[in-house]
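S.K.: Chain residues, written in single-letter form:
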Amino acid sequence: MSTSNRAKHWEKTRGLMFVMLGLWVFFGFVIHMFVNVLNNIVILGFPLGFYMAAQGSLIAFVIMLFVFARKQNAIDEEYGVAED
Amino acid sequence: MANVQGGDSFTANLNKVYGMYTGGFIAFIILMAILSAMGVPNVIIGYMFVGFTILIYAVIGIMSRTMQVGEYYVAGRRVPAIYNGMATGADWMSGASFVGMAGTLYLLGYNGLAFVLGWTGGYVLVAILVAPFLRKFGAYTVPDFLSARYGGNIARFAGIVVLFSCSFTYVVAQIFATGIISARFLGLDFTVAVYVGLAGILVCSMLGGMRAVTWTQVAQYIVLIIAYLIPAIWMSTVMTGVPIPQLMYGQALQGIISLEQAQGIVVGHTSTFVSGGYDALNYFLLILCLMVGTASLPHILMRYFTTPSVREARASVAWSLLFIFILYFTAPAYAAFAKWTMLELVQSGLTPDNIADKAAWMMNWAQADGALVRICGAAAVSAEAIASACSAQGIENIGFANIALNADMIVLATPEMAGMPYVISGMVAAGGLAAALSTADGLLLAIANALSHDIYYKMIDPNAPTSRRLIVSRVLLVVVAIAAAYVASTRPADILAMVSWAFSLAAAGLFPALVLGVWWKRTNGPGAVAGIVAGFGICLYYLLGTRYGAVGFHETWGWLGTATVEQVARFDELKAAWTAATGEAKEAAWVALDAHAQTIASWWGVKNLSAAAFGLPVGFGVMILVSLLTKAPSKEMQDFIDELRVPGGKTMMEEKTT
Numbered sequence: 001m002s003t004s005n006r007a008k009h010w011e012k013t014r015g016l017m018f019v020m021l022g023l024w025v026f027f028g029f030v031i032h033m034f035v036n037v038l039n040n041i042v043i044l045g046f047p048l049g050f051y052m053a054a055q056g057s058l059i060a061f062v063i064m065l066f067v068f069a070r071k072q073n074a075i076d077e078e079y080g081v082a083e084d
Numbered sequence: 001m002a003n004v005q006g007g008d009s010f011t012a013n014l015n016k017v018y019g020m021y022t023g024g025f026i027a028f029i030i031l032m033a034i035l036s037a038m039g040v041p042n043v044i045i046g047y048m049f050v051g052f053t054i055l056i057y058a059v060i061g062i063m064s065r066t067m068q069v070g071e072y073y074v075a076g077r078r079v080p081a082i083y084n085g086m087a088t089g090a091d092w093m094s095g096a097s098f099v100g101m102a103g104t105l106y107l108l109g110y111n112g113l114a115f116v117l118g119w120t121g122g123y124v125l126v127a128i129l130v131a132p133f134l135r136k137f138g139a140y141t142v143p144d145f146l147s148a149r150y151g152g153n154i155a156r157f158a159g160i161v162v163l164f165s166c167s168f169t170y171v172v173a174q175i176f177a178t179g180i181i182s183a184r185f186l187g188l189d190f191t192v193a194v195y196v197g198l199a200g201i202l203v204c205s206m207l208g209g210m211r212a213v214t215w216t217q218v219a220q221y222i223v224l225i226i227a228y229l230i231p232a233i234w235m236s237t238v239m240t241g242v243p244i245p246q247l248m249y250g251q252a253l254q255g256i257i258s259l260e261q262a263q264g265i266v267v268g269h270t271s272t273f274v275s276g277g278y279d280a281l282n283y284f285l286l287i288l289c290l291m292v293g294t295a296s297l298p299h300i301l302m303r304y305f306t307t308p309s310v311r312e313a314r315a316s317v318a319w320s321l322l323f324i325f326i327l328y329f330t331a332p333a334y335a336a337f338a339k340w341t342m343l344e345l346v347q348s349g350l351t352p353d354n355i356a357d358k359a360a361w362m363m364n365w366a367q368a369d370g371a372l373v374r375i376c377g378a379a380a381v382s383a384e385a386i387a388s389a390c391s392a393q394g395i396e397n398i399g400f401a402n403i404a405l406n407a408d409m410i411v412l413a414t415p416e417m418a419g420m421p422y423v424i425s426g427m428v429a430a431g432g433l434a435a436a437l438s439t440a441d442g443l444l445l446a447i448a449n450a451l452s453h454d455i456y457y458k459m460i461d462p463n464a465p466t467s468r469r470l471i472v473s474r475v476l477l478v479v480v481a482i483a484a485a486y487v488a489s490t491r492p493a494d495i496l497a498m499v500s501w502a503f504s505l506a507a508a509g510l511f512p513a514l515v516l517g518v519w520w521k522r523t524n525g526p527g528a529v530a531g532i533v534a535g536f537g538i539c540l541y542y543l544l545g546t547r548y549g550a551v552g553f554h555e556t557w558g559w560l561g562t563a564t565v566e567q568v569a570r571f572d573e574l575k576a577a578w579t580a581a582t583g584e585a586k587e588a589a590w591v592a593l594d595a596h597a598q599t600i601a602s603w604w605g606v607k608n609l610s611a612a613a614f615g616l617p618v619g620f621g622v623m624i625l626v627s628l629l630t631k632a633p634s635k636e637m638q639d640f641i642d643e644l645r646v647p648g649g650k651t652m653m654e655e656k657t658t
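So the protein lines, in turn, are chains E and F.
Heads up: the first sequence is residues 1 to 84, going by UniProt numbering.
Heads up: the second sequence is residues 1 to 658, going by UniProt numbering.
Do not rely on the hints blindly, as some may be mistaken.
Below, computed lysine-lysine pairings styled on DSSO-like, alpha-carbon distance capped at 30 Å [said to hold, decoys possible]:
hint : chain 1 : residue 1 : chain 2 : residue 2
1    : F       : K650      : E       : K8
2    : F       : K521      : E       : K8
3    : E       : K8        : F       : K631
4    : F       : K650      : E       : K71
5    : E       : K12       : F       : K635
6    : F       : K607      : F       : K586
7    : F       : K607      : F       : K575
8    : F       : K631      : F       : K521
9    : E       : K8        : F       : K635
10   : F       : K607      : E       : K71
11   : F       : K650      : E       : K12
12   : F       : K521      : E       : K12
13   : E       : K12       : F       : K631
To be clear, the hints were calculated from the coordinates, so they are not data collected in a lab.
For reference, chain F alone in the conformation it holds in the complex (with noise of 0.2 Å):
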């Protein structure tokens, strides 16, 4: 880059910068520890951990501040690509994947592994159908590439409405994320945490747009690697004497499954296609959901837009996905470690009486939220109540299948569970926020500049000068946050059911313009404003209608489901009863109505997180069909679409920066 701007000092020395914070945070590490045996009580050594690492994220979004609307948008396009892999990688893992994935995985066991092939393999597409190409054309925004090359406003509106749809509700749950760590670790009111969240992510992002999140970006990867890799590590020496987890989580897979024998546990970690309701078919199809999902997010595409060439935008795919691997064949070891520590925990003889010397733990989890540990069916507040849940069932000995934990709190759990001392714990909640703020930040940015370039600028006013424009940015960007973080305070349970629906609907509603817009020059406006509304419109019916319609669905679709002939008289059962049932009684009777509906309420068995199973051969099918009954799109576009096939020349679309 030709015109030398303050900041390039910084670029120059990314490695010896970015070495001496790694450093730094190991021996901040190290001085915890110290601290904490020297008799420091643990809530100081976790605001120490959680301040400390906000502060250093707030040092770097105040220092990449900028007032360029280049710098804003796409940082400059000075990322080099392996700094641009670290921060997609931090981007990318979101608090569910930190905190929420080895929970997962413990739960179902090979089927959850799903979601680890699912949120991988889609890099491959991002590389080689997608990103480069984005790069090359030199957009801003992802709906700014739908307008360029399907002709206007529509399609760019139609992007936004995917985008925003897809990015606000995951959003929320990083927030709410940001909120459950701060209250369990800082002792903070579930309120006012949520809103301390808000403003962690609001000291990256706002004074320095993209340039800013991707630098506090790159430190957040650094935090939350090592925060996650460290109790792996851990349990693998204590447990097997070699400090590789991924590759001694083979002997606790066999310790495992040996033991599932031994307590007649049926299915097992390693059974294929049966628990949580994969059978094979969901479980292929939300492998692809999620691939395809995942090479759909803006989010994810729009930091591809900030590396220095078409070159390094591909390197930098591969170097993402280089980084996120790191966490996500981790994860199953994590996941078996943990299920190996229980099983032996109960094979030891866990009984209501000794649970308190053996488990203290889980009490202290159960006290916080009593919905995270249930044992015998009721929450284990005490020894004593989970003696009378126990007896009241006639269990004697605890087994493994009475102990209920909650997915999300595996991971931030386990330092206890193997008996690792606070540090650990304070150390995995740092880099549990930091997964959270890095995701959060990323996608408040693409909701912002959504609504700031493309509807504001591009759409409302097109001669507005450089400085309202970033105003204008700066101030939608609180408003979304604010939004979402008031969104995130009331707790709204349905909303962090939808996050993982996020997929399916970029999915549908954006892959097939993107990948065609490329790939298939026949392609026109027309067509892909059909394919977008039709494959987003049959996506979100699913998702809503098996969710929040499923009676309905059922009536209408019951002969394409595939419930039994038993599950289809219990409906029509509990329909007679709703019918029948006046006054109090017909809410109550609707509700169980309703949550069977939701069983078997259904197109051929597909559960509702896969929706784009249906929405992408949709949008596909119409944005051809249409595109082919409609005129051929003009020879300037032919050879725009030439332009982008290549690498070398000039970015296509050059913005106005002053």
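The following block holds chain E by itself, in its conformation from the complex (with noise of 0.2 Å):
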């Protein structure tokens, strides 16, 4: 592997962090932020913002775990710098 494809996917690799840090902040911190005004919104017997920090968020953060983990081995295969 190559000096340059080295840098390359360093560079995509630190632009999928910086995306999924982004999804973090927002499902972990923004959302609530807002939780009064989603609370206004009842789904099931859910108030919205309640049901965000109790289910919503960590189901987020669930699948942004598995997606990560996805897209980061094909940024690895794609530079040659995968495992064998």
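Two chains, each in its own frame: build the complex with the hints.
M.R.: So, in structure tokens, the structure goes:
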């Protein structure tokens, strides 16, 4: 693997990291800042703001991690730095 | 892995083995239910649940014994992602998660969800920032990585200090929890129960190290998740007719909201940023500290050293979170159903005269420990005690606010609260025990490995032969375990309160060094050490200062606090009273002064639970500044980091294993 390949690989890896970190900030913090507004919406008895903290964000985290594992793997393979 | 070793037939048949085990556990529960229906006494059922599960863990522990270093420290790096995920789930979910989480949510409502969010979202940081790179490096312990990246034993030692301080109090709390559960369900004396718990922990970890702990943790995860889900499903079925608690507790929430209105409860279950002293600032800071702490706890990070590859390590973090999620998204449902049940009980008209009929379980628990259930401010040991306490306060109808339940008993008491048979209680006890034992194992291994691998092997005797290293590891494991059990047997209230500090200490002490070590090449040894010392130091200062030196802290930092004029006046008043008092009165005056000072000693009103709110920025800041002011890392180190960043190629640090 060449040095420029490695540089590109790292650039993409870093890009994915920042996207994930952004989503993490959104689901971990930003959305809960609007809890009182969201609570006006009630679905199946759940005030939405409460639901996001109790389940919604958690589901997002789980999905994010499975997607992350796949995407990062694809990046590794694209630049030929994956494990054999 | 090329060299086939004994145990490979086991790893090849994991699905079959654990499938049979799960079926066996369910069959065992059914058998217990039948025995119970045939009139076998509850105590025997309790003993069989605890005894059978511990026996299984012991068998797995003994079968996984090993004399190979790689097996002992990292389970031979052969644990598939999904099983490592399950083991991490058990490693992660402590006695407190299992026993205390739903109770906290019951008491705090929405604000308690900070714990749910913090203890799950942290895994995002684990996966994207830390774990895969540590796996590529190939360390046996977290301090190992710090030493390699920051060139030397000073960084290693700083890492060990942080590791020890955040893991030891934590393990004491786990052993304490095993003692509480064994004492309550087996009727043992508490001190005896602590040492019984200790035996249960050692049998899983001593002979087989990481390998044995991994496979028992998988077994423990299965027990704890079944034990957690069944009561919640039961309540959901009884109260709503649908056996999916996570979906149906919306109905419970509506029930709670309308009953709260009917009973004039102002701060309700879904009220935001009010109860428990969590204003919005503290709510978000707590989430942050718990998340970052999660991504820094050594006993969690070292689980990802055991996967076969970097790719599997990443997938494994996702599986871990999925398995943890199953419990954490049930906990709020558990809490809501329990609260709904209690509100309905109160709504039906609860008086000291009828409480013995309507809720005899309260008296049973209060008799076990007076602090668990208090009604009208007194321990609810009997109907008479309740009647006299309530009439002293002029209360005829017992209101929801008059009943104070301890957070830790809610999960354990729910089966009785909702009128389930005793078998369910026995199963919940086995689940709580599994949660506490599995976490204790992981923590003990993290501490003992740091002492044996990092201090003994790397710092004291680098030429030690394998057999001696393994013996030293085991001796240290037993010594640490006995020390922790001894501390637990003294019922140290302070230590138990300190457990939640572990997250802030780990976050402030380790996170900046781990993350910058991978993501910023310019970080160097002096910077890392200075950052660890500064971040950890400021965090520790804030924790200890606001807790044990609150009077002095307030006097020094009062200008940064958020105390109101009245609170400050009250402080001055108490201070004057203390200065004036003499003899025995002086001590009492100090206690009053200190207690008040603890409520106001702070920087900007931040609770001490979130001390990493200061430790993190200071740690990052100092690390970056000192690194920039000192020499850049060598070319070799830059290449080392480049190598760390790609999954391909060999593990970077191959240990001498023979």
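S.K.: Give a verdict on every hint.
M.R.: Verification of the hints:
1. With a C-alpha separation of about 21 Å, the suggested pair K650 of chain F and K8 of chain E falls inside the 30 Å cut-off, and the hint holds.
2. For the given pair, K521 of chain F sits about 16 Å from K8 of chain E by alpha-carbon distance, which is consistent with the 30 Å threshold.
3. Distance hint between K8 of chain E and K631 of chain F is fulfilled; the C-alpha atoms sit about 27 Å from each other, no more than 30 Å.
4. This hinted pair checks out: K650 of chain F and K71 of chain E have alpha carbons roughly 22 Å apart, not beyond 30 Å.
5. About 23 Å separates the Cα atoms of K12 of chain E and K635 of chain F, which keeps this hinted pair within 30 Å; it holds.
6. Only pairs whose Cα atoms come within 30 Å are accepted, and K607 of chain F paired with K586 of chain F is accepted, the gap being roughly 28 Å.
7. At roughly 23 Å between alpha-carbon atoms, K607 of chain F and K575 of chain F fall within 30 Å of each other, so this suggested pair holds.
8. Annotation: proposed proximity of K631 of chain F to K521 of chain F holds, straight-line Cα distance about 12 Å (limit 30 Å).
9. Only pairs whose Cα atoms come within 30 Å are accepted, and K8 of chain E paired with K635 of chain F is accepted, the gap being roughly 20 Å.
10. A C-alpha spacing of about 38 Å is found between K607 of chain F and K71 of chain E, which places the hinted pair above 30 Å, so the restraint is violated.
11. For the given pair, K650 of chain F sits about 22 Å from K12 of chain E by alpha-carbon distance, which is consistent with the 30 Å threshold.
12. For a cut-off of 30 Å, the pair hint linking K521 of chain F to K12 of chain E stands: about 17 Å separates their Cα positions.
13. A C-alpha spacing of about 29 Å is found between K12 of chain E and K631 of chain F, which places the hinted pair at or below 30 Å, so the restraint holds.
Hint compliance for this structure: hint 10 alone is broken.
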